[in-house]
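There are 2 protein chains.
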Amino acid sequence: MSLREIMSKTLSEWMKGTGPESDIVISSRVRLARNLEGIPFPGVAGEEQLKTVVEKTKEAAARQPLLAGADYIRLVELPVLERQLLVEKHLISPQHTKDVKYKAVVVRDDEALSIMVNEEDHLRFQALYPGLQPEEAWRLCSRIDEGFASLLPYAVSPDIGYLTACPTNVGTGMRASIMIHLPALTMADQMKRLINAVAQVGLVVRGIYGEGTEVLGNIFQISNQVTLGRTEDEIIQHLLSITRQIIDQERQARRRILQQNKVRLEDKIFRSLGLLTNARIMSSQEAMQLISDVRLGIDMKLISGLEPRILQELLVMIRPAHLQKLMGHEMEAPERDIMRATLIRERMKPHPAK
Amino acid sequence: MSLREIMSKTLSEWMKGTGPESDIVISSRVRLARNLEGIPFPGVAGEEQLKTVVEKTKEAAARQPLLAGADYIRLVELPVLERQLLVEKHLISPQHTKDVKYKAVVVRDDEALSIMVNEEDHLRFQALYPGLQPEEAWRLCSRIDEGFASLLPYAVSPDIGYLTACPTNVGTGMRASIMIHLPALTMADQMKRLINAVAQVGLVVRGIYGEGTEVLGNIFQISNQVTLGRTEDEIIQHLLSITRQIIDQERQARRRILQQNKVRLEDKIFRSLGLLTNARIMSSQEAMQLISDVRLGIDMKLISGLEPRILQELLVMIRPAHLQKLMGHEMEAPERDIMRATLIRERMKPHPAK
Chain W
1470 MSLREIMSKT
1480 LSEWMKGTGP
1490 ESDIVISSRV
1500 RLARNLEGIP
1510 FPGVAGEEQL
1520 KTVVEKTKEA
1530 AARQPLLAGA
1540 DYIRLVELPV
1550 LERQLLVEKH
1560 LISPQHTKDV
1570 KYKAVVVRDD
1580 EALSIMVNEE
1590 DHLRFQALYP
1600 GLQPEEAWRL
1610 CSRIDEGFAS
1620 LLPYAVSPDI
1630 GYLTACPTNV
1640 GTGMRASIMI
1650 HLPALTMADQ
1660 MKRLINAVAQ
1670 VGLVVRGIYG
1680 EGTEVLGNIF
1690 QISNQVTLGR
1700 TEDEIIQHLL
1710 SITRQIIDQE
1720 RQARRRILQQ
1730 NKVRLEDKIF
1740 RSLGLLTNAR
1750 IMSSQEAMQL
1760 ISDVRLGIDM
1770 KLISGLEPRI
1780 LQELLVMIRP
1790 AHLQKLMGHE
1800 MEAPERDIMR
1810 ATLIRERMKP
1820 HPAK
Chain Z
1470 MSLREIMSKT
1480 LSEWMKGTGP
1490 ESDIVISSRV
1500 RLARNLEGIP
1510 FPGVAGEEQL
1520 KTVVEKTKEA
1530 AARQPLLAGA
1540 DYIRLVELPV
1550 LERQLLVEKH
1560 LISPQHTKDV
1570 KYKAVVVRDD
1580 EALSIMVNEE
1590 DHLRFQALYP
1600 GLQPEEAWRL
1610 CSRIDEGFAS
1620 LLPYAVSPDI
1630 GYLTACPTNV
1640 GTGMRASIMI
1650 HLPALTMADQ
1660 MKRLINAVAQ
1670 VGLVVRGIYG
1680 EGTEVLGNIF
1690 QISNQVTLGR
1700 TEDEIIQHLL
1710 SITRQIIDQE
1720 RQARRRILQQ
1730 NKVRLEDKIF
1740 RSLGLLTNAR
1750 IMSSQEAMQL
1760 ISDVRLGIDM
1770 KLISGLEPRI
1780 LQELLVMIRP
1790 AHLQKLMGHE
1800 MEAPERDIMR
1810 ATLIRERMKP
1820 HPAK
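Note that the protein sequences, when read in sequence, are chains W and Z. Counting from 1, position 74 in the first sequence corresponds to residue 1543 in the working numbering; the numbering is continuous, with no gaps. Counting from 1, position 289 in the second sequence corresponds to residue 1758 in the working numbering; the numbering is continuous, with no gaps.
Please note: incorrect hints may appear among the correct ones.
Which copy is meant is left open, so a pair is good if it fits within one copy or across any two.
Below, computed lysine-lysine pairings styled on BS3-like, alpha-carbon distance capped at 30 Å [as the list claims (entries may be wrong)]:
no., residue 1, residue 2
1, 1737, 1527
2, 1731, 1527
3, 1737, 1818
4, 1567, 1520
5, 1770, 1661
6, 1567, 1794
7, 1737, 1794
No lab work stands behind these hints, which were simulated from the structure alone.
With the hints as constraints, model all of the structure from the sequences given.
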């Protein structure tokens, strides 16, 4: 199998770079936190109780038409590398790879739908769509939620809604987030201002793997802070409306840079292209930044003949677990840096159309 | 006319990257300082005397078969840009472009032979050959010297030889120099040691335009310090022998880098290639350094499909006067940086064979 084929098999739908506003928005995600009635939250539950959660959710999952063909996988049965792979694909949280004894995951083939069992809550449903589609993600998440609700009684308070381990999730139990590429706002030094402004309307901007993680390649996650006192639809509409404003600002910033100093922007973008397609050793961090520059060049039509989806794919494929999976063996960082550079060069080489 | 054609017309023979040891040695140059008997050195001569030098040397030049077809050019008649062009081609010294009233230059079509009139001395003959050919340069210089000597009486002391304005040139009046590319010794931090060692055997290592000039692109000039008490042949043989040792050391340093960390070297070289072929803005200094890296890559057979002569040409073509000549108008530095990047990309693009 060629590298290209192996890679395309490893790719999730959301990485393919399609979907509305895909020149700026990478993906839309909705997750719902749910807990089973009468069982303590995973952090405080005993082994028997955690086991019960696994048994009950496994049974419920098997009866969901939406999960047809998807395996219910115990994390203990998954090699460490495979767990890391799921993190890099944003299908499970980094936290879900630790203390795995009673943790499980269900991932639908297209990876648009996944469930974490016994993470912070008993159940965390996630729907992940390419581009700006939070409503679609919410609808899918809602349907799987209803499917489980019809089989398993949830912990709900009539006053405040769904009960969750962490009070920040109480109410709807929903976190909707948009992964968004904001290179021009970053170049224009506008992100600090934007993060503050967004905080004042109840949203939060974070790094690429969520809370507490680093911003890489000018990719940010915008998500709702408030889960209580609003309906899910209201939360989605609010996030959508603010995201549209941010998209507008990013577009304006791009136009401004183009007007003010096109050649300097081109210089930056093409230098990044030159390094990506020629370097022999490359760290993950450098690669993310260069990919961001080149992606901007494509989206601003300064670079032609390079598909944006190649860069979208690379954003995931260059991460440590994906690289090791691709190469078929474990690698230390220096070897990974060489393989990463090789993979990027190989993938960005012009290929004859099939 | 295409850029490629214009450029090839602007090129001197020595820039074409041929000649012995041309993977390391760029060019070999010999110059002889001579003064006319009974006339003070240019620095102290009166206007009438300088005029006399011009008249006499013009007449003598016209009678040299070696200079058939070459024009005798008064510097005053040459636009400032053209003067600078001759400096960048190493045909005249930077000093020769100032106070030009009674200065002149003769340049043979192939640029292998040139004469400065009323620089520091009345006559400075120069022969310039590609690669390591100081003996050939000396032979040519000697022949033109004999041609002039048969017509014009030189200032000579029977005890010490030719008299010159600066005592450091007295005796043979000869300065033989080798322009040499030493990237591996530079990377290995060996240049300081080498410069000291070379000084102890009566040679001197300088930057690209001679005394007091900066080292650019890892290109050095090695020349004799001593002009007195040795024959010209001895000076040439000594320079040749020391240069061969330096070439050996550079080759060893290249092999060592290759053995110790090939991929790191490749990374450096290919990153430079990527920047050269993609940047939109480039300073002269950056370009020289990147060209040096890529040239090393070609000479070490790490890069294929790129002719070394293209880089040799670019080393000269990217300098300010050449750039402006090529573009047909004067340019400020920011515009030059853009044109320089354009020229480099254009020239390094793979062209179909004619």
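Here's how the hints hold up against the structure:
no. : hint           : in the structure
1   : 1737 with 1527 : neither (51 Å within a copy, 53 Å between copies)
2   : 1731 with 1527 : neither (56 Å within a copy, 53 Å between copies)
3   : 1737 with 1818 : both (20 Å within a copy, 20 Å between copies)
4   : 1567 with 1520 : within (17 Å within a copy, 91 Å between copies)
5   : 1770 with 1661 : within (27 Å within a copy, 48 Å between copies)
6   : 1567 with 1794 : within (20 Å within a copy, 67 Å between copies)
7   : 1737 with 1794 : between (32 Å within a copy, 28 Å between copies)
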